[in-house]
Amino acid sequence: MIQEDKFMLVEEKIQYVLNFTLNGEEISIAVHPSRRLVDIIRTDLDLTGTKISCEIGRCGACMVLIDGIPHNSCLTMAYQCEGKEIESIEGIGKNKLDPIQQCFLEEGAFQCGYCTPGMIVSLKGLLNQNKSPNYDEIEQSLAGNLCRCTGYGGINRVIKRLSK
Amino acid sequence: MLLDQDSAGDKWRIRPDGKEKVTGKLRYLTDMTFPNMLYGRVLRSDYPHARIISIDTLKAKALEGVVSVITHEDIPGLNGFGISNPDQPVFCFDFVRYEGDAIAAVAATTPEIAEEALHLIEVEYDKLPIIDSAEKALLPTAPKLHSNGNILHETDYCRGNTEAVLGKCVCVIEETYETPRQMHTYLETEGGIFVPEKDGRLTVYAPTQHGYKDRMQLGRILGVPDERIRVISSPIGGSFGGKDELNVQPYGALLSLSCGKPVKIHYSRWESVKAGLKRHPMKITMKTGVDANGKVLAHEVTILSDTGAYSTLGGPVLNFATEHAIGPYQIPNVVVKGKAVFTNNGVSGEFRGFGGNQVIFALEGQIDRLAEKLHIDPWELRRRNLRNLNDLGPLGQRVYPTNGAFEVWEAIQRSPLWEKSKQDLESSDRWIQRGIGFSMAMHGSGLGFGIPDPAGGILRLNNKGKIEVAFGHEEFGQGLLGTLEILLLDHFNCEKEDIHIVIGDTDLVPPSGSSTASRTTNMVWQALNRLKPQFLSALYEKVENETGVNRKDLKTGSGGIWTYKNGKKVRVMTYGEVAKLGIEDLEFSTKFHYPVTPDPVMGGHYLYTCTSVAAEVEVNVLTGTVKVVAIDHTVAAGPVINPMGYLGQIEGGSIMALGFTLSEDAVMESSEYITLNLDTYVIPTILDVPRSQSVDAIEKLPDGDPFGPRGVGEVGSVALAPAIVAAVKNATGTWITKLPINKEKLICDLPYLNNEKKVGITHDSGR
Amino acid sequence: MLTVEKVWRPKDLYDAWSIHQTYKDASCFVSGGTWLRTQWKGGLRHISPHLISLDQIHDMDKIEEKNTSDRSELLIGSMTKLADCIKHPLLNKYGSAIVEACKRIAAPSIRNQGTIGGNILTKTGDSLPALLIHDATLTWFNGKEFENESLEVYLSNAKYKEVNGVYHPKILVSIAIPLIKNKPQNRFSFYQKVGKREAFTPSIITIAGTGNFAANKQIGTCLLAAGGGTSVPFRLTSTELALENNDLTKDFLQHIQSVIYRELQREDSTISEYKKKVTANLIVYHLFSSLKNL
Ligand SMILES: Cc1cc2nc3c(=O)[nH]c(=O)nc-3n(C[C@H](O)[C@H](O)[C@H](O)COP(=O)(O)OP(=O)(O)OC[C@H]3O[C@@H](n4cnc5c(N)ncnc54)[C@H](O)[C@@H]3O)c2cc1C
Ligand code: FES
Ligand code: FES
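In order, the protein sequences belong to chains V, X and Y.
For what it's worth, the working numbering labels the leading residue of the first sequence as 1, then goes sequentially.
For what it's worth, the working numbering labels the leading residue of the second sequence as 1, then goes sequentially.
For what it's worth, the working numbering labels the leading residue of the third sequence as 1, then goes sequentially.
Okay, chain V solo, but in the shape it has when bound:
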């Protein structure tokens, strides 16, 4: 017979308290352990820079950094964020625009802008891991971010600049 207490770290019916940092701020929030990170960020915390579009990891609009590395927040569950450092678009260029953001502005790398936070988060994640990526590496890092408006024209101009 299974002893609940021994194994049980999280329990849904009594919502458990998830602790993590978001954009440098410590967050404690009572949620369902299988709740998606995207819902916690967008709905529970009302940070709507993180977008939602396919909900199956296929578009990249919901991209966030977990411990500095890109993750699709529509695929990540609350319990997987326990104790992690999470950064959403709101955390990037908080005080001063990040050079990636500046590049997006100058190169016209967005139109409707709905894919843009995800794109920028992916690029930030790459630069966290690789300080001077080449063109191919940057392009590969955006394979999971769809954009319907730009045809990637401006985004390619951004890559050209970032890979210099």
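Treat the hints as calculated values from the structure; they're not laboratory data.
Cβ coordinates follow ideal geometry from the N, Cα and C atoms, glycine included.
Some hints could be false.
As the list claims (entries may be wrong) - Under 8 Å between C-beta atoms, here's a sample of chain X residues computed to sit facing chain Y:
1. Trp-431
2. Ile-432
3. Arg-434
4. Glu-618
5. Leu-622
6. Thr-623
7. Thr-625
8. Val-629
9. Ser-663
10. Asp-679
11. Val-682
12. Pro-684
13. Thr-685
14. Arg-691
15. Glu-744
Given chain V, work out where chains X and Y with the ligands should sit, using these hints.
Okay, now just chains X and Y with the ligands, sitting in the frame of chain V:
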């Protein structure tokens, strides 16, 4: 002029909405929340075609947390919507005609409860036979989907004696082309928030391309005067024509009024796929004949368009296709017969290119095939048939003189791909075959003859001392705000801090017509040209009265109105100071109609944008995979107002067309979607596109042109498919007639074992 | 409405096992959860009331070399993220086809969360053809002890059971790949995936192969595998046999093509013409170009 940052100079401007977008601060309408907000969901049909026997909502209503469940019985006004013909029920009650048909809607305190409530609504159906193709809709045995039968609209254009002339042509090509059910795939799915206000009005926060039209349609459904509704409709996370028609609005509006609380609806991708519009799949047969010199003498076209379950803009799309099936070519004998038919396959509607994309693929394919048969260079064959400056339009209507077709025909020859296409394309890998193809198109802007196409705007000094414009147009990413900013700075020589732009709110803007049909830039350009003289003369008069400086010596500029004193520029008054004197006499509005042909030809256009495209492909004949490695565009659309926006429209439109050609198809089986999300509905990623596309903008217009910039919102997406298909033909010897390209047509057996230089493919026609 | 009641995060395999034994069908192991989420969202299966996350179990996400007196192998922990597989020096050294395969799975962000174990247990994962040609062995924990099963056997059984099954009666602990330290001369190895677009695409066809050439043009040994779409990948054993100790002349390659056709047809009677042709094209092409690169 090759468009880029360098050639654009200081017109290459950071978009006014840019910072908010790159920082994630911008609240799209689907990001908004309100206190006490409820969540709405819509119950969709279980079947693509059925009779409804009963609808029982009792159990759903009893669920805790459910605030309202509504059906057709709860609609105070018209149970129908549709831009051109409101035949789509808000809620079905007798029949369902596609799997996205709505039957009921629920508002509940959480999305989960709303979802569960949907499962508790009991609907009894009597399944009916389905019509899952346009051909089947025309069979005498087909069930009738609407009281008038299965034909939504027919076109029949005829000049000369095509049949007789075809018989005498030295060469006739007859071919049937098929195009896919392309999905707009705006990244922001449909959604919005609906807020009943204390004064009894309703505020609608939901993306649309035409706020006033939504207001009218909603007023009709709710049975209230339009003024009781306020539609706030920008910013928008992409639309491409797909959000011009109503989507969530009727449900959100009805639910919020029935609950007296704000209701939010945001479709999942699944719901968006099932309920949303798509591009009309068309089957186009063309029979085109030439004389020995390559002069096209006769052209016979039939178009069969699958409009799906309801009208929306299926009729106008067919009109557009009918006109564009003739294109920029002068052909003496023409017959075009089109049919748009109802089926149980989703709903087809407005989509960037508006029926042009489909027929241009066919028409350009015909020209290329004729050239091949005649052993004439395909580009030369085009020249021999191209329209001249003062020729009539495709449907014989008078059009504003345009030489755009010839200009783009000429200009594309400056593309590096032109030279390259004359050489033998060597490939280091034998199984990779390379080819280059060209195509062109002439694309009408505006809605065309017979459709009200009003425009208008307001220019004023506002009480904060800003030069303010208000337009009923929308910002869905195309860069309207940037365009307006550039125009205003140009007109008034002022700073961006001196201006204020109002769009996307029916309480604040005048009716300006829809932001579609590549018309917006032209409309705002014309409006400002009309308003500026009146505004300036009133402004200068006021300043003269106040300061005594002669109005002739006044000029608007940074921060206010300036004059020259002793050869030095001095500011006479700030805009704020002028505003303090009163602003009532400083507001001007204009109303006018989009330029339209004087000849009564239904749907015929008056203004056109022309384009030619070059595409280079690499076909891997082991796998049949086509990779587009270079695309060059030339576009003749008059002056470039907003270079970043212009370039973006062409680049973006073009890649949408790349998807249309290579991978995109919302596949239906027995009238049910099987590509329900972005895992199976495949749009291009960054790795599928050339790293850069060049856009050569031809700004020249005929002397004395009064109309200014023609639109570029659609033209980037209309001519790429035939260029890719021509390139594939040059690479492999195979003609493609159906999109997206079926890879199976392009594979061959073990080419690398063969010693021949160019590998023949083991089948001939590609059909 | 089915909802999750609990998410369990056991610290060792025994605990994981007993939770699973308690809830059986009402429970489900989760590694990265990326595939599971798409299944839930796509309505292909209900979310289990008890999710048993394996992420707190130690040492399941390591790649290391293990040498015993009679053999050396590379052990890949089942919880190793795909991104970590790509970066790992040992895997790059000994399993380039596997690394290549991982690079072609999904997109970077998914690979930061999805695991190799999860990929294997989807039974259609793109890593499988590469693992098959490396003669991989799976190590399971069955509640009492660890048991080994060759991947090939596991997959051929899986094919006839529930495809894409969630209910795994055992816990996948690691994957072992025999190490060939003294690489024979003239080794070759290839992997290719074909999808609807260039990247970030479900595969239509995936192939992998490895082997070596003996004297001149003669193929020595060779292992081939194919998969893609919803079909469970398999080894092309008849083709391998037909190739061994033969000269790769043009005529012979033509013959091999028909052998491949037959074998594909036998393995999957519903296989499309396109898939058959492309699989054969790619295998023959890769063999031929390996030969040319000698
Ligand atoms: C957007 C997207 C794109 C994708 N693209 C690809 C692709 O190109 N190629 C491809 O192959 N796959 C693809 N996948 C599928 C999937 O994400 C990957 O296969 C991934 O490796 C699965 O790993 P996971 O850790 O997330 O598995 P999970 O989803 O956690 O688990 C997968 C299955 O294995 C079971 N399971 C997991 N670990 C164990 C264990 N140790 N013991 C017993 N059972 C276990 C789970 O119960 C479940 O049935 C894609 C997924 C997404 C969301
Ligand atoms: S919403 Fe997460 S990837 Fe699309
Ligand atoms: S800018 Fe609209 S989707 Fe990328």
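Going down the list of hints, with the structure as the test:
| no. | hint | in the structure |
| --- | --- | --- |
| 1 | Trp-431 | holds (7 Å) |
| 2 | Ile-432 | violated (11 Å) |
| 3 | Arg-434 | violated (17 Å) |
| 4 | Glu-618 | violated (11 Å) |
| 5 | Leu-622 | holds (4 Å) |
| 6 | Thr-623 | holds (5 Å) |
| 7 | Thr-625 | holds (7 Å) |
| 8 | Val-629 | violated (11 Å) |
| 9 | Ser-663 | holds (5 Å) |
| 10 | Asp-679 | holds (6 Å) |
| 11 | Val-682 | holds (4 Å) |
| 12 | Pro-684 | holds (7 Å) |
| 13 | Thr-685 | holds (5 Å) |
| 14 | Arg-691 | violated (13 Å) |
| 15 | Glu-744 | holds (4 Å) |
In terms of the numbered hints stated before, the structure departs from hints 2, 3, 4, 8 and 14, listed from lowest to highest.
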